[in-house]
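S.K.: Protein chains in written order, with the numbering used here: chain A, 1 to 265; chain B, 266 to 1052; chain C, 1053 to 1211.
Hints were generated in silico from the structure; no laboratory data involved. Wrong hints could be hidden among the right ones.
[To be verified] Using 30 Å as the maximum straight-line C-alpha spacing, the simulated DSSO-like pairs for lysine-lysine come out as follows:
| hint | chain 1 | residue 1 | chain 2 | residue 2 |
| --- | --- | --- | --- | --- |
| 1 | B | Lys802 | B | Lys856 |
| 2 | C | Lys1143 | B | Lys281 |
| 3 | B | Lys278 | C | Lys1207 |
| 4 | C | Lys1178 | B | Lys703 |
| 5 | B | Lys281 | C | Lys1063 |
| 6 | B | Lys416 | B | Lys354 |
| 7 | A | Lys5 | C | Lys1063 |
| 8 | B | Lys717 | C | Lys1178 |
| 9 | C | Lys1207 | B | Lys281 |
| 10 | B | Lys281 | C | Lys1178 |
| 11 | B | Lys287 | C | Lys1207 |
| 12 | B | Lys540 | C | Lys1143 |
| 13 | B | Lys278 | C | Lys1143 |
| 14 | B | Lys717 | B | Lys1048 |
| 15 | B | Lys802 | B | Lys703 |
| 16 | C | Lys1207 | C | Lys1143 |
| 17 | B | Lys717 | A | Lys5 |
| 18 | B | Lys335 | B | Lys324 |
| 19 | C | Lys1207 | A | Lys39 |
| 20 | B | Lys287 | A | Lys39 |
| 21 | C | Lys1143 | B | Lys802 |
| 22 | C | Lys1178 | B | Lys714 |
| 23 | C | Lys1178 | C | Lys1143 |
| 24 | B | Lys703 | B | Lys672 |
| 25 | A | Lys86 | C | Lys1178 |
| 26 | B | Lys287 | C | Lys1143 |
[Said to hold, decoys possible] To spell it out: a stretch of chain C is covered by chain B in this simulated footprint if at least three of its residues, at any positions, have a beta carbon under 8 Å from a beta carbon of chain B; those stretches are:
| hint | stretch |
| --- | --- |
| 27 | 1088-1101 |
| 28 | 1144-1150 |
| 29 | 1184-1194 |
Even for Gly, the Cβ is constructed at its ideal location relative to N, Cα and C.
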Amino acid sequence: MYDLKYHRATSVDDAVAKRAAASDGQFLAGGQTLLPTMKHRLAAPSDLIDLRGIGGLAGIEVSGRNVTIGAMTTHAAVAGSAELAKVCPALAALAGGIGDPAVRHQGTIGGSIANNDPAADYPAGLLALAATISTNKRKIAADDFFTGLFSTALEEGEIIVSVSFEAPAQCGYAKFPNPASRYAMTGVFVAKGGGGAVRVAVTGAGGDGVFRHDGLEKALAAEWSASAADGVAISSDGLMSDIHCDAAYRANLIKAMAKRAVSAA
Amino acid sequence: MTEQGIGARVLRKEDKRFITGKGRYTDDIRNERQAYAAFVRSPHAHARVKGIDSAEAEKMDGVIAVLNGKQLTGDGIGNLICGWGVSSKDGSPMNMGAWSALATDKVRYVGDAVVLVVAETQAAARAAAEAVIVDYEELPAVVHAVDALKKGAPQVHDNAPGNLIFDWGLGDEAAADKALKGAAHVTEMEIVNNRLSPNPMEPRSAIATYDEAEDHYTLHTTSQNPHVARLVLSAFYQVAPEHKLRVIAPDVGGGFGSKIYIYPEEIACLWASMKTRRSVKWTSSRSEAFMTDAHGRDHVTTARIGFDANNRIVGFKIDTVANLGAYMSLFSSAVPTYLYATLLSGQYDIANIYCNVRTVYTNTVPVDAYRGAGRPEACFLVERIMETAAREMGVDPAELRRANFVKSFPHQTPVIMAYDAGDFAGNLDQALEAADYKGFPARRAEAAKRGKLRGIGLASYIEACGIAPSAAVGSLGAGVGLWESAEVRVNPVGTIEVLTGSHSHGQGHETTFAQVVADRFDLPIENIQIVHGDTDKVQFGMGTYGSRSGPVGLSAIVKALDKVEAKVRKIAAHVLEVSEDDLVIENGQVKVAGTDRAMAWHEVGLAAYTAHNLPAGMEPGLKEGAFYDPTNFTFPAGTYVCEVEVDPETGTTEIVQFVASDDFGTIINPMIVEGQVHGGIAQGVGQAMLENVVYDADGQLLSASYMDYAMPRADDLPSFAIHHHSTKSPSNPLGLKGCGEAGAIGSPPAIINAITDAIGNNDLDMPATPPRVWAALNAASAKIAAE
Amino acid sequence: MTEISMTVNGKRTRAAVPDNTLLVEFLREHLRLTGTHVGCDTSQCGACVVHVDGRAMKSCTMLAASAEGAEVTTIEGLSNGELHPMQAAFKENHGLQCGFCTPGMIMSAADMVARYQAAGRELTEKAIRHELEGNICRCTGYHNIVRAIQDGAAKMAAG
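Chain A with its partners taken away, still in its complex shape (with noise of 0.2 Å):
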């Protein structure tokens, strides 16, 4: 790891003016993908801004069906949350699915939708959610946030606040690892609001990162049934190929991801 400067914040003001004060400033959340990104040699940020000092930014509030959840909470706190069970069981499965324990412990959801990893879950549970992603300058919808690999709508100075949406009448998530690194090889969440509308999102297979899938939705929406996704045509255009496996398994995955996620929801 390079050299940096540390820097404690107190509060996001605070770490907003430490990062402005900065040459390349870095928030730092829960850490587990930027410290090995760092440790590589791959990212030299000159500061680090520690966010875990500030007092409010982690909590999960449920009211209702409303859901907000703090940007500091972490993976495990939210997949042991019992309230949020209740109403959204399906994105605490998703965050106990993240990683692995001791990652769990650190990671936090606002650190990972910032970093918007192309194989991250946290980035389809949100997106099929409609989520409201606030931050200490704006709201910006889901659908806005995510503009491609590993980018956000965030600009400079914006820290992520809190991540809040309505629980849908039914959501799951199913998610394919990657043998080796645990991320999604394909991980696919699907939501059903209370009005009937569909939102299917599509994590680690696009290659401009996490998507919604418009044939699955409608299928989905005309009918809410495995068996419905199952006749749904799933193309392989614009979907990742690595080491790992090509378009067209991940485009089998998603099928059969968005199929496992519907009967779990």
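Please arrange chains B and C on chain A, whose structure you already have, making use of the hints.
M.R.: Leaving out everything else, chains B and C in the frame of chain A:
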């Protein structure tokens, strides 16, 4: 059997330090005035080194020295060598290319070391390494062995035209051809044995310390064989004379073959320690380990096996291309030859075998022995082709094997080996019974109702352990003898130290070796200490690999114990004034049988050292050494049964049952032996279903971390059912055969046979990942649809 | 340099370390607690697992500075004198061979059992295998590690 003797499940003596965090691995050691090393490594698979600019690096804070290959060779440090000479069929010697610890003119794989930086801190060393500017002229690279043999392929070493290291054969080609021509049925296969990274959890590490006053070096290193390291470092690399070099391999966190070899880093650190007059430490990161630890396997083979009308094998012909990587590592030549082709008879009585092996240079990490070394390649080939032949001929695979088993011993195969003991049908029967082989059709039908494809696969493996005898391996080209040494020191108070040339890096020698001594003299195991891993303490030894610690290492201890016992009897007979024949050793005493007259064990020790009353002419003391050179290899064998369920939707395979029936001869500690089998099978599962080293066409390593190289995790594996059906080895005093590698040898073919059985498509390479299984399943469906 | 203070194995510790010091480097190099190991550089092998404020964490993926004020327990501090039940279980079930992954494995196992017992959840073999996703062992094939954790869980429940 006593409570702590041979056959007892004694808990391990060494565990306490490991479970409390008090183990002492190389990287845990910190010397006075310790500096840190970092290597500048080639980012190219193949390039000419046109120049090195170290000026910036040398000026940086904390930098002590920046050293390159020209300085290294200028100081007379020799090239790394392969220690086993294998000649081509035409008698010409193997084409060994030069390998300098730091590259001088050319780099030949991504990770090839070019410059060594020594600095006050690890961070300073790494920073300076990044500041070294190496001017490379990139050259085209070749990655696959078959490609390397093609006309016009990039030339890796000038003295190996066409990248061919040797073209070697074993057996009678004309006889094999003739037998195949007359066969009633011939099965032909092309088989790829995938490339693996050994991945012991402790990365390699070395600390070299030069003592200027004594002109003496100490090397702490992660080695499976510290004495061989010392011998090679002094005799071939001329780093230091043997008597001025102490090599210590303290606690070592796994090896699996990868820590047998002497690597450039150890040589460079020793040399740098002398240059800088500092203790120089290097510890590999996992990323460096993927780039520099010797890989395993990487064969491409075509084979034909012929049967007569009665399903008896008449001939077997094999053609293998083996990738040895960019340089010939220490034992690389022996692995695809004498450790491979010699096992191609499997458990079967085959009159005619011929094997041709071409070894090849490529722009990849050197390839050498990895758990099993050659024998997994042989077993995979034999057991895949037997299963395939059975399917083609419509015969039960178990019965085709049984019909061809070697049934009487000794049995001379046409490929050197003389099998000396075994009961192959006994192991097969035990495995089939334990796996409820007969009940499989019902289980398959039940799985089908759940939408799962269930398959079953067998592998009846044989391997050879304890490579020996020395004269024989010498005649085959080995540069070393393959005996083992031991020294047993009985102290004046009767406690015992056993010094062994074997090395434990997880195998539990401190317990099993002590059990043998406890068993012999009926002493508490706490009174016995096993000493290993330090060339200043143990005089010489060949180390631990090839499952040799039991059959060879323990045999040397037994031989030394024989000598100790002889002297103990002489002393006790003299003191007690009886005949030696009247004495029995039990319960911590040397007793006169049938009487209450006895000397306590410690009294014998004391008598030996006080020397007040010894038989006339006897030397004082009670310390005996022995060198043991086995009369033959040992031949562990057995049958593994694997049962899988494949999810047709994703191609995911779950191992639902894994049964092993092993013949390891005498078993000293069943708990430890079972642990060895568990670990071996897990590595076999890794090879068969998960692990794969992948290079791109330019020679960049794509599977360079655990993000892309799939290590077996707990949830990838089932629990294993381990059974024993043993015949004693007649080739060593305890009847041991060795158990360290069997699991990794027998499991891959059993697994692939099971998966191919499940999906109805025999065309499936390792690792059988879900995408591959899914594709093979679709291909099988498409074929059925077309028909 | 950053001033840090934390409690490690019950002892208050204060030091000035380079800002980029990882917790594992602080433990191994500054405190010489070498029982915590480093087996990879991608936060996957788990040889470095310690407890921070009672939770298993990968000390290779945490800055020492981030552990400011924390209670850190390493393998050396898991028990006082007597073996922790999980340590005993690893020995009694032959849950280790080379021993390198063992400290992280035991720390993860103790954390796992504590979490399941606190939540009143049953720790099945399947759950144990899933929970071990972040701990890689190359020697044992996990067979005896699973047995050790089952036994350790029973011992911990018995108190």
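S.K.: Decide, hint by hint, whether the structure agrees.
M.R.: For each hint, the structure was consulted:
For the suggested pair B:Lys802 and B:Lys856, the alpha carbons sit about 33 Å apart, so the restraint of at most 30 Å is broken. Using a Cα cut-off of 30 Å, the hinted pair C:Lys1143 and B:Lys281 holds, with the two alpha carbons roughly 8 Å apart. A threshold of 30 Å between alpha carbons decides the hint, and for B:Lys278 with C:Lys1207 the separation of about 21 Å falls inside it, so the pair holds. Distance check on the hinted pair: C:Lys1178 and B:Lys703 sit about 28 Å apart at the alpha-carbon level, within 30 Å; holds.
Of the supplied pair hints, the one linking B:Lys281 and C:Lys1063 holds, its CA atoms being roughly 23 Å apart against a limit of 30 Å. Taking the CA atoms of B:Lys416 and B:Lys354, the gap is near 21 Å; set against the 30 Å cutoff, the hint holds. Restraint check: the Cα-Cα separation between A:Lys5 and C:Lys1063 comes to about 27 Å, which is no more than 30 Å; the hinted pair holds. Our distance criterion of 30 Å between C-alpha atoms is met by B:Lys717 and C:Lys1178, whose separation comes to about 19 Å.
Distance hint between C:Lys1207 and B:Lys281 is fulfilled; the C-alpha atoms sit about 18 Å from each other, no more than 30 Å. A threshold of 30 Å between alpha carbons decides the hint, and for B:Lys281 with C:Lys1178 the separation of about 28 Å falls inside it, so the pair holds. Straight-line distance between C-alpha atoms of B:Lys287 and C:Lys1207 comes to about 23 Å, which keeps the hinted pair within the 30 Å bound. Using a Cα cut-off of 30 Å, the hinted pair B:Lys540 and C:Lys1143 is violated, with the two alpha carbons roughly 45 Å apart.
Using a Cα cut-off of 30 Å, the hinted pair B:Lys278 and C:Lys1143 holds, with the two alpha carbons roughly 9 Å apart. With a C-alpha separation of about 20 Å, the suggested pair B:Lys717 and B:Lys1048 falls inside the 30 Å cut-off, and the hint holds. For the proposed pair B:Lys802 and B:Lys703, the alpha carbon gap of about 56 Å is over 30 Å, so the pair is violated. Restraint check: the Cα-Cα separation between C:Lys1207 and C:Lys1143 comes to about 13 Å, which is no more than 30 Å; the hinted pair holds.
At roughly 55 Å between alpha-carbon atoms, B:Lys717 and A:Lys5 are farther apart than 30 Å, so this suggested pair is violated. For the proposed pair B:Lys335 and B:Lys324, the alpha carbon gap of about 20 Å is at most 30 Å, so the pair holds. Proposed proximity of C:Lys1207 and A:Lys39 is contradicted: the alpha carbons are some 39 Å apart, above 30 Å. For the hint pairing B:Lys287 with A:Lys39, the CA-to-CA distance comes to about 27 Å; that is within 30 Å, so the pair holds.
Restraint check for C:Lys1143 and B:Lys802: the C-alpha separation of about 28 Å stays at or below 30 Å, so the hint holds. Among the hinted pairs, C:Lys1178 with B:Lys714 is consistent with the structure: their alpha-carbon atoms are about 23 Å apart, no more than 30 Å. Restraint check: the Cα-Cα separation between C:Lys1178 and C:Lys1143 comes to about 22 Å, which is no more than 30 Å; the hinted pair holds. Restraint check: the Cα-Cα separation between B:Lys703 and B:Lys672 comes to about 24 Å, which is no more than 30 Å; the hinted pair holds.
Restraint check for A:Lys86 and C:Lys1178: satisfied, since their Cα atoms lie roughly 24 Å apart, inside the 30 Å limit. For the proposed pair B:Lys287 and C:Lys1143, the alpha carbon gap of about 14 Å is at most 30 Å, so the pair holds. Counting residues of the stretch 1088-1101 of chain C whose C-beta lies closer than 8 Å to any C-beta of chain B gives 10; at least three are required, and the coverage claim holds. Only residues whose C-beta sits within less than 8 Å of a C-beta in chain B count toward coverage, and the stretch 1144-1150 of chain C has 5 of them, enough to reach three; the restraint holds.
Only residues whose C-beta sits within less than 8 Å of a C-beta in chain B count toward coverage, and the stretch 1184-1194 of chain C has 10 of them, enough to reach three; the restraint holds.
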